[in-house]
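J.: With chain A's structure known, arrange chain B on it following the hints.
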Amino acid sequence: MTEGLDAAPADEGWRRLHPFSPIARVGRLLPALVFLFLVSTVHSKAENSTAETDYLIVITLVSAVYGYVHWMVTRWRFEGDTLRIETGLIRKDSRRLPLARIQAVDIVRPLLARMLGVSELRVRLAGSGSTDGKLAYLAEAEAAELRLVLLARHHETDVAVSSNTGLPMASLTLGRLLGSVLLSLVTIVLIGTVASLAVLDEFEPRTATTVAGFLAVYLVSFAGVVWRRLSGQYGFIAVEGPEGVRIRRGLLQTISETIPYGRIQAVRQVEPLLWRPFGWCRLEVDVAGATARNQRGEGTSVVRKALLPVGSQEDSWHLLARLLGGPDPPRTRPPRRAMLKAPLSFHFLSAGQDGAHAVCVTGRINRATTWVPLEKSQSIRRVQGPLQRPLGLATVHVDVAGKRARAEFRDREVAEADRLVEELSELSRQARMHRRPAPAESTGNGLVAPSGWYPDPSGRHERRYWHDGRWTEHVGNGGRRSAEATTPAP
Amino acid sequence: MTAADERHWLRPSPGLWRMRRAEVATFTAVLAAVLGLIFLATLGGLAALLTLAVVFALGAVLSWFVRRRYRAWRYQERHEDLIVARGVMVQRLSVVPYGRMQFVEVTAGPIERLFQLSTVKLHTAAAASDARIPGLERAEAARLRDRLTELGESMAAGM
Chain A
84 MTEGLDAAPA DEGWRRLHPF SPIARVGRLL PALVFLFLVS TVHSKAENST
134 AETDYLIVIT LVSAVYGYVH WMVTRWRFEG DTLRIETGLI RKDSRRLPLA
184 RIQAVDIVRP LLARMLGVSE LRVRLAGSGS TDGKLAYLAE AEAAELRLVL
234 LARHHETDVA VSSNTGLPMA SLTLGRLLGS VLLSLVTIVL IGTVASLAVL
284 DEFEPRTATT VAGFLAVYLV SFAGVVWRRL SGQYGFIAVE GPEGVRIRRG
334 LLQTISETIP YGRIQAVRQV EPLLWRPFGW CRLEVDVAGA TARNQRGEGT
384 SVVRKALLPV GSQEDSWHLL ARLLGGPDPP RTRPPRRAML KAPLSFHFLS
434 AGQDGAHAVC VTGRINRATT WVPLEKSQSI RRVQGPLQRP LGLATVHVDV
484 AGKRARAEFR DREVAEADRL VEELSELSRQ ARMHRRPAPA ESTGNGLVAP
534 SGWYPDPSGR HERRYWHDGR WTEHVGNGGR RSAEATTPAP
Chain B
104 MTAADERHWL RPSPGLWRMR RAEVATFTAV LAAVLGLIFL ATLGGLAALL
154 TLAVVFALGA VLSWFVRRRY RAWRYQERHE DLIVARGVMV QRLSVVPYGR
204 MQFVEVTAGP IERLFQLSTV KLHTAAAASD ARIPGLERAE AARLRDRLTE
254 LGESMAAGM
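Taken in sequence, the protein lines are chains A and B.
Start counting the first sequence at 84; every next residue gets the next number (this note's numbering).
Start counting the second sequence at 104; every next residue gets the next number (this note's numbering).
Next up, chain A with everything else stripped away, as it sits in the complex:
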């Protein structure tokens, strides 16, 4: 894993993808092929001919050949401080990914790839939200190690350190995941529709069939949404790493991603109406594509990611304490007359600020609490609508990068709003001047997770034992426990 670091200057050091890559690539087409096969089987039974399935074999062959050629011409290596990926037979595509600009390295493992023991490595650079470099596929261990090397180079930390520290922050039990998905609007609509169709079928079978035919497309897509939520968040675990929060999740396709602390633009805690009786909430973060160093000149794309798909209030506060790295700002409420303007959301509305963050609670049905680091604020706005003016109210917004995220001091008294504009501008200015240290740098505040087995942050093994505030060399694979020889530092 370390030979790549001593950049080979000449034409050496090129490495290939895993030989199983073509098979895993064709595997991505598998669902579509199965679907086509089913359609054409039904069709050919009706038509009484067998020639229909021939083109499926052709498609499979063509994609297999393409996958093989793609594997033949793809190679990668380290060149000094860049990772270079070359691919393409007819149109050569050579990418240089500067290690210093790497924003995140995600590992994606579709079902077939998992069965073959390979995974896909996706590299995202600062300044773009999309995938910039892709290595599909590498052997699992190779991908995990390369990821650590890439991240370690970026953060100028020791590989061994970045692989073996990390505090388990949150995980998700299957029961709670099922409960949360069951108590979402989509599921309730889906179940309600199916149930009423079943009832209708008792009395008016013909009408029921017609209605079901109409609704089939919607039902299938709703079921798809429910399934994606279940399979996407299955086995969710968030682990604190020195560079950011590491997240692993997924049932058929597992995804490992990192949310860097420094790029968090906003944190949102959402409590949907149906979850509130159980005290559940969801934590989301908005992460900017551009680095702090690179703020100017490049368009910033913002991605919203689930930091905790569903969790208890304690889980959420635990995570928030780590992310915010400070006390929760005190909140105040708008004057009572704001009830006239916002009758539904008034009893939720509150907002506050301290030197580091602005926080606000908004929402009618889903209560949402948003924290915005003032250091990230892009502009402060005061808006007064025609309904607010007669009541002497105004709203103050703290905008951060992106389209959706902002903190809103909703329906404040005009004098208070004017003062807030000045105060928030000044606080943001000071926050920009004196950057807070990242939460990871200030570890040692007594937040230590209980000892136990947790998913291995390095990805080499299924589980790893966490004891006394650090990862140990004890690992577990499918029920067997063993001790791993510690990786020598480069």
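In short, the hints are calculated from the structure, not lab data.
Just to be clear, a hint being listed does not mean it is correct.
Reference listing, derived: stretches of chain A covered by chain B, where coverage requires no fewer than 3 residues with Cβ under 8 Å from a Cβ of chain B [to be verified]:
id, stretch
1, 199-208
2, 465-475
To give an idea of the chain A side of the interface with chain B (calculated C-beta under 7 Å), a few residues [said to hold, decoys possible]:
id, residue
3, R331
4, L335
5, T337
6, Q461
7, D482
8, A484
The beta carbon of each residue, even a glycine, is placed where N, CA and C say it ideally should be.
T.: Relative to chain A, chain B alone:
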């Protein structure tokens, strides 16, 4: 930092009001001509006259409203940020720190060019920060653009 000081507000050029007035006048005239002709052909002279009266009354109201909107635009360059205020029905005030500017855009549409005006727009990473100043004289637009760029660079360097 003092609060938005009334003495330091700058306003768009009176050319903006002339432009908006011309737009309203053209719109009213065209609408009056079209509707007047239609009503003249179908219902006769009296209906056409009434229509004209209504359309011109509407034009007057529109022009009053546009006048108020024009007067609501104002901006102020402070030490560390730019303030832009606008709006009559919904009043908005944006405070954009120079250091947060991604780029400054100066645009001039065909009608604006006719009146020798330009619009200066500040872009930040947030889609919502809406700092746009329309109807600036070309020289003022160029001055503002250069100043904002210069300030943006010096402030961003310190971050």
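J.: Report the numbers of all earlier hints that the structure fails to satisfy, in ascending order.
T.: 1, 3, 4 and 5
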